[in-house]
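Q: Protein sequences, first through last, are from chains D and C.
Under my numbering, the residues of the first sequence are numbered 4 to 274, in order.
Under my numbering, the residues of the second sequence are numbered 4 to 274, in order.
Incorrect hints may have been included.
Stated by the list, open to error - For lysine to aspartate or glutamate, the following EDC-like pairs were computed, each having C-alpha atoms within a straight-line distance of at most 20 Å:
no., chain 1, residue 1, chain 2, residue 2
1, C, Lys95, D, Glu163
2, D, Lys246, D, Asp202
3, C, Lys246, D, Asp60
4, D, Lys17, D, Glu80
5, D, Lys246, C, Glu47
6, D, Lys91, D, Asp60
7, D, Lys240, D, Glu181
8, C, Lys25, D, Asp96
9, C, Lys17, C, Glu30
10, C, Lys91, C, Glu47
11, D, Lys25, D, Glu107
12, D, Lys95, C, Asp131
13, D, Lys95, D, Asp206
14, D, Lys17, D, Asp113
15, C, Lys91, C, Glu163
16, C, Lys95, D, Asp131
17, D, Lys91, D, Glu47
18, D, Lys95, C, Glu163
19, C, Lys95, D, Glu24
20, C, Lys91, C, Asp116
21, C, Lys25, C, Asp116
22, D, Lys25, D, Asp131
23, C, Lys95, D, Glu223
24, D, Lys95, C, Glu53
25, D, Lys95, C, Glu24
26, D, Lys246, D, Glu223
27, C, Lys240, C, Glu223
28, D, Lys25, D, Glu47
29, C, Lys246, C, Glu223
30, C, Lys17, C, Glu53
31, D, Lys240, D, Glu223
32, D, Lys25, D, Glu53
33, C, Lys65, C, Glu75
34, D, Lys17, D, Glu47
35, D, Lys25, C, Glu80
36, C, Lys65, C, Glu80
Said to hold, decoys possible - Away from chain C, derived, C-beta distances all over 12 Å, residues of chain D:
no., residue
37, Glu44
38, Arg59
39, Arg68
40, Ala224
In case anyone wonders, no lab produced these hints; they're calculated from the structure.
Yeah, the Cβ is synthetic: ideal placement off N, Cα and C, and Gly gets one too.
Number of protein chains: 2
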Amino acid sequence: MPREITAYSNPLIKRVRNLREKRHRREEGLFLAEGLRILTEARESGRLPEYLFFARDSADHKLVRTLIADVEAAGGEAIETVPDILSKLSGKDNPQAVVGVFAEFATSLDALDRNAADIWLVAERLRDPGNLGTILRTGDAVGAGGLILIGECVDPFSLEAVRASMGALFTVPVVQAEWGAFLRWLRAGPGQLVGLSLDTDSDYRSATYVSPTFLLTGNEAQGMPADYAAACDLLVKIPMLGKADSLNAAVATAVMAYEVLAQRRADPSRG
Amino acid sequence: MPREITAYSNPLIKRVRNLREKRHRREEGLFLAEGLRILTEARESGRLPEYLFFARDSADHKLVRTLIADVEAAGGEAIETVPDILSKLSGKDNPQAVVGVFAEFATSLDALDRNAADIWLVAERLRDPGNLGTILRTGDAVGAGGLILIGECVDPFSLEAVRASMGALFTVPVVQAEWGAFLRWLRAGPGQLVGLSLDTDSDYRSATYVSPTFLLTGNEAQGMPADYAAACDLLVKIPMLGKADSLNAAVATAVMAYEVLAQRRADPSRG
Numbered sequence: 004m005p006r007e008i009t010a011y012s013n014p015l016i017k018r019v020r021n022l023r024e025k026r027h028r029r030e031e032g033l034f035l036a037e038g039l040r041i042l043t044e045a046r047e048s049g050r051l052p053e054y055l056f057f058a059r060d061s062a063d064h065k066l067v068r069t070l071i072a073d074v075e076a077a078g079g080e081a082i083e084t085v086p087d088i089l090s091k092l093s094g095k096d097n098p099q100a101v102v103g104v105f106a107e108f109a110t111s112l113d114a115l116d117r118n119a120a121d122i123w124l125v126a127e128r129l130r131d132p133g134n135l136g137t138i139l140r141t142g143d144a145v146g147a148g149g150l151i152l153i154g155e156c157v158d159p160f161s162l163e164a165v166r167a168s169m170g171a172l173f174t175v176p177v178v179q180a181e182w183g184a185f186l187r188w189l190r191a192g193p194g195q196l197v198g199l200s201l202d203t204d205s206d207y208r209s210a211t212y213v214s215p216t217f218l219l220t221g222n223e224a225q226g227m228p229a230d231y232a233a234a235c236d237l238l239v240k241i242p243m244l245g246k247a248d249s250l251n252a253a254v255a256t257a258v259m260a261y262e263v264l265a266q267r268r269a270d271p272s273r274g
Numbered sequence: 004m005p006r007e008i009t010a011y012s013n014p015l016i017k018r019v020r021n022l023r024e025k026r027h028r029r030e031e032g033l034f035l036a037e038g039l040r041i042l043t044e045a046r047e048s049g050r051l052p053e054y055l056f057f058a059r060d061s062a063d064h065k066l067v068r069t070l071i072a073d074v075e076a077a078g079g080e081a082i083e084t085v086p087d088i089l090s091k092l093s094g095k096d097n098p099q100a101v102v103g104v105f106a107e108f109a110t111s112l113d114a115l116d117r118n119a120a121d122i123w124l125v126a127e128r129l130r131d132p133g134n135l136g137t138i139l140r141t142g143d144a145v146g147a148g149g150l151i152l153i154g155e156c157v158d159p160f161s162l163e164a165v166r167a168s169m170g171a172l173f174t175v176p177v178v179q180a181e182w183g184a185f186l187r188w189l190r191a192g193p194g195q196l197v198g199l200s201l202d203t204d205s206d207y208r209s210a211t212y213v214s215p216t217f218l219l220t221g222n223e224a225q226g227m228p229a230d231y232a233a234a235c236d237l238l239v240k241i242p243m244l245g246k247a248d249s250l251n252a253a254v255a256t257a258v259m260a261y262e263v264l265a266q267r268r269a270d271p272s273r274g
């Protein structure tokens with residue numbers, strides 16, 4: 004039977020609200036995800052929140068009822084509350100019907116099976132949470148094995164990243180690693196490291212990708228360091244006809260990933 | 004000789020700060036753009052701000068000096084200020100060195116030369132300013148003739164859209180039109196209308212695009228209305244292997260646009 008919280012001063016509300024800050028997420032090992040679509044994606048991927056906040060008037064919704072039942076069966080707590088509090092938890096004027104508090108999870112390089120997928124995404128010093136979430140969403144769409152975050156990246160458990168991922172945070176494994184450790188792991192088995200670069204004549208459509216392909220995208224403003232580029236098996240560029248000579252990092256990653264996917268679909272034997 | 008403003012209570016500061024709200028932008032016919040990169044892009048595209056705010060300690064930067072000189076030569080005003088005020092104008096903790104206040108500009112369908120480009124982007128009820136800016140940036144990169152916004156879209160002059168466009172707002176013409184007017188204009192000349200859809204078996208890589216190609220992307224959450232899809236010459240889908248069955252709207256637009264561009268580069272005769 005769900006308990007009810009309607010007072011903003013409730014200590015749990017305060018604690019959950021704090022999870023919008025990285026420091027509190029690290030301390031608690033918890034993060035926030037909101038919205039029926041994302042929480043249903045999570046549930047279907049085997050992840051249930053420890054706390055599930057839901058608006059009183061959404062409790063009749065079938066998916067909300069399923070979530071409540073599953074959360075309670077798994078030992079979590081479902082908490083009925085009011086739109087105003089949901090709004091305060093997520094920092095949005097139009098709150099979602101549900102907000103979940105999940106235990107953070109992490110994958111290590113050693114836990115990845117590189118042969119389980121043709122495409123892997125690697126991002127270096129990614130700074131924008133929207134880009135991170137969007138790249139996860141693309142990763143889900145192209146069937147990527149995972150997203151490997153190199154160096155100081157934005158927190159994949161930030162509310163903005165979770166939001167932009169539309170649930171892909173729960174379906175695409177994320178690993179955080181240092182460059183050296185990643186490179187050692189990569190070179191211990193098969194894998195083509197393909198770097199996106201402006202300093203090459205190799206067009207991304209003319210290159211041949213070999214599975215498993217690891218697509219490396221550099222920092223939004225600076226691209227990747229020279230020694231990272233030098234470590235790649237292949238550098239390719241996406242043509243840009245305009246004046247700005249730059250694409251959004253998540254867009255460039257997607258254009259590349261879809262080219263690799265198209266090659267795999269046309270010639271699965273290289274997979 | 005630039006005047007100096009260091010008091011937050013200055014009425015001009017208040018007025019400029021208000022431009023972060025759409026209502027004030029419409030009233031004043033002005034909008035904000037920030038950062039040396041974006042303002043330089045604007046200058047090179049022939050657009051100078053009416054007011055240019057710059058941080059005192061950036062006045063020695065060559066690009067800032069060029070901007071100040073050009074703004075003053077064009078009858079605009081360059082205003083020296085402090086980082087705290089720049090921060091308040093843009094709402095960011097780490098302010099850019101320059102903030103510009105530009106006159107809004109608009110293009111009409113009738114002013115577009117459809118034969119001037121192979122690719123045109125059309126977005127319908129686009130709601131996210133980051134997506135709008137990112138689509139403009141992609142439009143710049145693929146050499147799109149312009150972005151046509153159909154129906155109730157987010158304001159292209161919002162600070163977030165301008166930011167995400169990285170200056171492409173100044174290089175890619177933007178038109179706002181109603182669906183009926185757009186369709187009448189489109190059908191009055193050559194043009195293939197290609198809609199991105201989940202309800203088709205046509206793979207985007209197998210389709211043949213004819214110039215000028217108009218790529219129509221629907222609303223982020225709902226896609227496009229059935230009658231819009233019915234009006235398309237061609238519906239194509241991007242394969243999605245994952246669980247979420249969705250791509251970010253700006254990503255989907257870019258994947259499509261780069262396929263059209265690749266076909267044009269491989270076979271310019273259809274252009």
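Q: All hints are to be evaluated individually against the structure, with a verdict given for each.
A: Here is what the structure says about each hint:
The straight-line distance between the Cα atoms of Lys95 of chain C and Glu163 of chain D is roughly 17 Å, inside the 20 Å bound, and the hint therefore holds. With a CA separation close to 17 Å, the supplied pair Lys246 of chain D and Asp202 of chain D stays within the 20 Å bound. Of the pairs offered as hints, the one joining Lys246 of chain C and Asp60 of chain D is violated, with about 28 Å between alpha carbons and a cut-off of 20 Å exceeded. Restraint check for Lys17 of chain D and Glu80 of chain D: satisfied, since their Cα atoms lie roughly 16 Å apart, inside the 20 Å limit.
Taken as a hint, the Lys246 of chain D and Glu47 of chain C pair is honoured in the structure, with Cα atoms around 9 Å apart against an allowance of 20 Å. This hinted pair checks out: Lys91 of chain D and Asp60 of chain D have alpha carbons roughly 17 Å apart, not beyond 20 Å. Simply put, Lys240 of chain D and Glu181 of chain D have alpha-carbon atoms about 25 Å apart, too far for the 20 Å limit, and the pair is violated. Our distance criterion of 20 Å between C-alpha atoms is met by Lys25 of chain C and Asp96 of chain D, whose separation comes to about 17 Å.
Straight-line distance between C-alpha atoms of Lys17 of chain C and Glu30 of chain C comes to about 15 Å, which keeps the hinted pair within the 20 Å bound. As the CA atoms of Lys91 of chain C and Glu47 of chain C are separated by approximately 27 Å, the hinted pair breaks the 20 Å bound. With a C-alpha separation of about 12 Å, the suggested pair Lys25 of chain D and Glu107 of chain D falls inside the 20 Å cut-off, and the hint holds. The hinted pair formed by Lys95 of chain D and Asp131 of chain C meets the criterion: a straight-line CA distance of about 14 Å does not exceed 20 Å.
This hinted pair does not check out: Lys95 of chain D and Asp206 of chain D have alpha carbons roughly 42 Å apart, beyond 20 Å. The suggested pairing of Lys17 of chain D with Asp113 of chain D is violated, with an alpha-carbon distance near 37 Å, which exceeds 20 Å. Between the alpha carbons of Lys91 of chain C and Glu163 of chain C the distance comes to roughly 15 Å, so the proposed pair stays at or under 20 Å and holds. Taken as a hint, the Lys95 of chain C and Asp131 of chain D pair is honoured in the structure, with Cα atoms around 14 Å apart against an allowance of 20 Å.
Restraint check for Lys91 of chain D and Glu47 of chain D: not satisfied, since their Cα atoms lie roughly 27 Å apart, outside the 20 Å limit. Using a Cα cut-off of 20 Å, the hinted pair Lys95 of chain D and Glu163 of chain C holds, with the two alpha carbons roughly 17 Å apart. Our distance criterion of 20 Å between C-alpha atoms is met by Lys95 of chain C and Glu24 of chain D, whose separation comes to about 17 Å. For a cut-off of 20 Å, the pair hint linking Lys91 of chain C to Asp116 of chain C is broken: about 40 Å separates their Cα positions.
In summary, the hint linking Lys25 of chain C to Asp116 of chain C is not supported, as the alpha carbons are separated by about 29 Å, beyond the 20 Å threshold. Straight-line distance between C-alpha atoms of Lys25 of chain D and Asp131 of chain D comes to about 14 Å, which keeps the hinted pair within the 20 Å bound. Between Lys95 of chain C and Glu223 of chain D the alpha-carbon distance is near 18 Å, which keeps this suggested pair within the 20 Å criterion. For the hint pairing Lys95 of chain D with Glu53 of chain C, the CA-to-CA distance comes to about 34 Å; that exceeds 20 Å, so the pair is violated.
As the CA atoms of Lys95 of chain D and Glu24 of chain C are separated by approximately 17 Å, the hinted pair is consistent with the 20 Å bound. The hinted pair formed by Lys246 of chain D and Glu223 of chain D meets the criterion: a straight-line CA distance of about 17 Å does not exceed 20 Å. At most 20 Å may separate the alpha-carbon atoms for a hinted pair to count; Lys240 of chain C and Glu223 of chain C meet this at roughly 15 Å. Distance hint between Lys25 of chain D and Glu47 of chain D is unfulfilled; the C-alpha atoms sit about 26 Å from each other, more than 20 Å.
A distance of roughly 17 Å separates the Cα atoms of Lys246 of chain C and Glu223 of chain C; the hinted pair therefore holds under the 20 Å criterion. Distance check on the hinted pair: Lys17 of chain C and Glu53 of chain C sit about 16 Å apart at the alpha-carbon level, within 20 Å; holds. Straight-line distance between C-alpha atoms of Lys240 of chain D and Glu223 of chain D comes to about 15 Å, which keeps the hinted pair within the 20 Å bound. In summary, the hint linking Lys25 of chain D to Glu53 of chain D is supported, as the alpha carbons are separated by about 18 Å, within the 20 Å threshold.
The suggested pairing of Lys65 of chain C with Glu75 of chain C holds, with an alpha-carbon distance near 16 Å, which does not exceed 20 Å. As the CA atoms of Lys17 of chain D and Glu47 of chain D are separated by approximately 29 Å, the hinted pair breaks the 20 Å bound. Among the hinted pairs, Lys25 of chain D with Glu80 of chain C is inconsistent with the structure: their alpha-carbon atoms are about 41 Å apart, more than 20 Å. With a CA separation close to 18 Å, the supplied pair Lys65 of chain C and Glu80 of chain C stays within the 20 Å bound.
At roughly 6 Å from the closest C-beta of chain C, the C-beta of Glu44 of chain D falls inside 12 Å, breaking its exclusion from the interface. Here Arg59 of chain D stays apart from chain C, with its beta-carbon at least about 24 Å from theirs, past the 12 Å limit. Remark: the non-interface label on Arg68 of chain D is consistent with the geometry, its nearest Cβ contact in chain C lying 22 Å away (cut-off 12 Å). Residue-level check failed: Ala224 of chain D sits 9 Å from the nearest beta carbon of chain C, not beyond 12 Å.
Comparing the model with each numbered hint stated earlier shows that hints 3, 7, 10, 13, 14, 17, 20, 21, 24, 28, 34, 35, 37 and 40 do not hold.
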